[in-house]
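Below, each chain spelled out in residue letters.
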Amino acid sequence: MPAQHTKTVTVSKNGVGRAPGRLLHGIALGFERQPGLASVCCLLFICVTTFSVFAPSFLSVSNFLTILRQNAAAFISAAAMTFVITTGGIDLSIGAVAAFSGIAMAVLATFWHMPPLLAVAGALCAGAVAGAVNGLLITRVGMAPFIVTLATMSVFRGLSLVTAQGYSLPLPEDSALLEWAGRGWIGPVPVPALIMLFCVAAASITLHRTRFGRYVTGIGSNQEGVRRTGVNVRRVSLIVYVFSGLAAALSGVIMAGRLGSASSNIGVGFELDVIAAVVLGGTSLTGGYGSVIGSALGILTLACLKNGLILAHISPFLTQIFTGLITLGAIWINMSLKGRDLFGIRKNRDDR
Amino acid sequence: MTGLPPAVEMRGITRRFGAIQPLRGVNLALGRGEVLGLLGDNGAGKSTLTKILSGALAPTDGEILIDGQLCRFASPRDAQDAGVHMVYQDLSLCGSVDVAGNLFMGREPVRRVLGLPFLDTATMHSRAAEMLQGLGVVIRDTHARVEGLSGGQRQAIAIARAAAFNPGVLILDEPTAALAVMEVEAVLSLITRLRDQGVTIILITHRLQDLFHVCDRVAVIRNGVVAAERQIDETSIGELVDLIVGERFHARSAH
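Same order as they appear, the protein sequences are chains A and B.
Residues 1 to 352 in the working numbering are what the first sequence spells out, letter by letter.
Residues 1 to 255 in the working numbering are what the second sequence spells out, letter by letter.
Only chain A is shown next, with the shape it has when bound in the complex (with noise of 0.2 Å):
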């Protein structure tokens, strides 16, 4: 490719071509052009040879299988969120949003005595239209992303409450079907982990190779300087928060399966690890850039933290303090890699 032959070109004017090794090169041209990649990667690195060396059955198959059936839903979720906070919004509604739809499809099934997949149609709706009030609030009245999902959050948290009364509602026994995406297994592989790599590779797809991804990054970059291009920004702003709704019903509907019921207060929190996980993963904050492949990495870090404690006999409520001084460490590597390449070369940044 002559593009790729041009970026070679330029880079090895900067000093990073005399570096060792064409693989090392490579990997340096990967990560300069998506720079948060490289702190997550590190912190990755880290999280696994220490549990390696001291918890013996944390490097096995197994047990990898089970830290992406156990954290499937969170996947799904930073898939979408990344989009969210590229376009510089926040949805803090999730958690309560996948609680919401668990609920819907215990409902449905249970009591309404609905089909399976119409049960499950019905929580994906309730997500959508969830996801659809948070961006009508945003794009059409104007109103701040944070204020929206603050308050709907604690909406969709109290209309589960109220439809459950409180108790935890039991998916119906016939239908295995319900519980399949929570806990099935196709051959050796579980099945929320095969649906979680399929959304992690379409939103990463999505993000970074289709017209409506590049939009999201504009938005999040200039949005007055998109739309004065024609771009109907209001629109992309919109399908992005009903994306998130539709990944936390999905979410909530995984969550229901996996535990055999639908609990209100499920995914109490579940918006700021994933939150964390997509600023960990090098997505800025303040919108214009973005990596879905950064967001599950970041979620991988922060599950094998939370795996790896517990295997190596440390005490779980040390997970929490453990969790947040990483993602502080990340950003703090984020931000001094800032400008440099990988090997800490001050990057020229005007390219006069």
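Bear in mind the hints are in silico, worked out from the structure with no lab data behind them.
A quick note: this is a predicted structure, and the numbers were derived from the prediction, not measured.
Careful, some of the hints might be misleading.
Stated by the list, open to error - Examples of chain A residues toward chain B, derived with CB under 8 Å: (1) 173; (2) 210; (3) 214; (4) 217; (5) 221; (6) 226; (7) 229; (8) 288.
The beta-carbon is built from N, C-alpha and C at its ideal position, and this holds for glycine as well.
Position chain B relative to chain A; hints supplied.
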């Protein structure tokens, strides 16, 4: 001028915001391929006038004719469809998007893979390089993010983006403000090149010396009307300053 209708003609343009009336009947005509310098002190009505011509504001009264055709612009899109494009002073570029992405923002070429439309980045980059080269703009790498470029390069990208629409009329708002000397030269030669391609250009600037390099004519707006028009070879910086301020004024900045 020949028998052709003017590329742009504005007749009796007024605009009122409540009790304030920034435009009180502007009459202005530009021939095809003409470069007009639009001058005026802050608040004289320059930006209101250009917003009306570019469709961002509707006039309270008056007519706009493009190539002799009466036009009504309800939005910037309408004006763009009529061939009138504006490059705003803040450039409207996305810093975190690369050069090619900015040039094609809003009309990216797509390539279908399995029926799904994906960005055709290879075409974008090769055509972006051609566009920039055709306008004599030196940007080595179309993959570079715009936030890392110099002010002159950004200005060139913004102008190139507008030029890519084959505009009949191009409005440039302060394109040389806050640029280094060499960058000003590059932007002025870009303007000249566009004029040679037959684009009618309205240039707003506070750098009066630039006008003498690229303009054919200047119009001075004061108190919401065209207070004076001058052929560029029949005027001087001193006279222009007097016209802008509206009285005999011993402007130290003119000497």
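Here is what the structure says about each hint:
{"no.": "1", "hint": "173", "in the structure": "violated (40 Å)"}
{"no.": "2", "hint": "210", "in the structure": "holds (6 Å)"}
{"no.": "3", "hint": "214", "in the structure": "holds (6 Å)"}
{"no.": "4", "hint": "217", "in the structure": "holds (6 Å)"}
{"no.": "5", "hint": "221", "in the structure": "holds (4 Å)"}
{"no.": "6", "hint": "226", "in the structure": "holds (6 Å)"}
{"no.": "7", "hint": "229", "in the structure": "holds (3 Å)"}
{"no.": "8", "hint": "288", "in the structure": "holds (4 Å)"}
Hint 1 from the list above is the single one not met by this structure.
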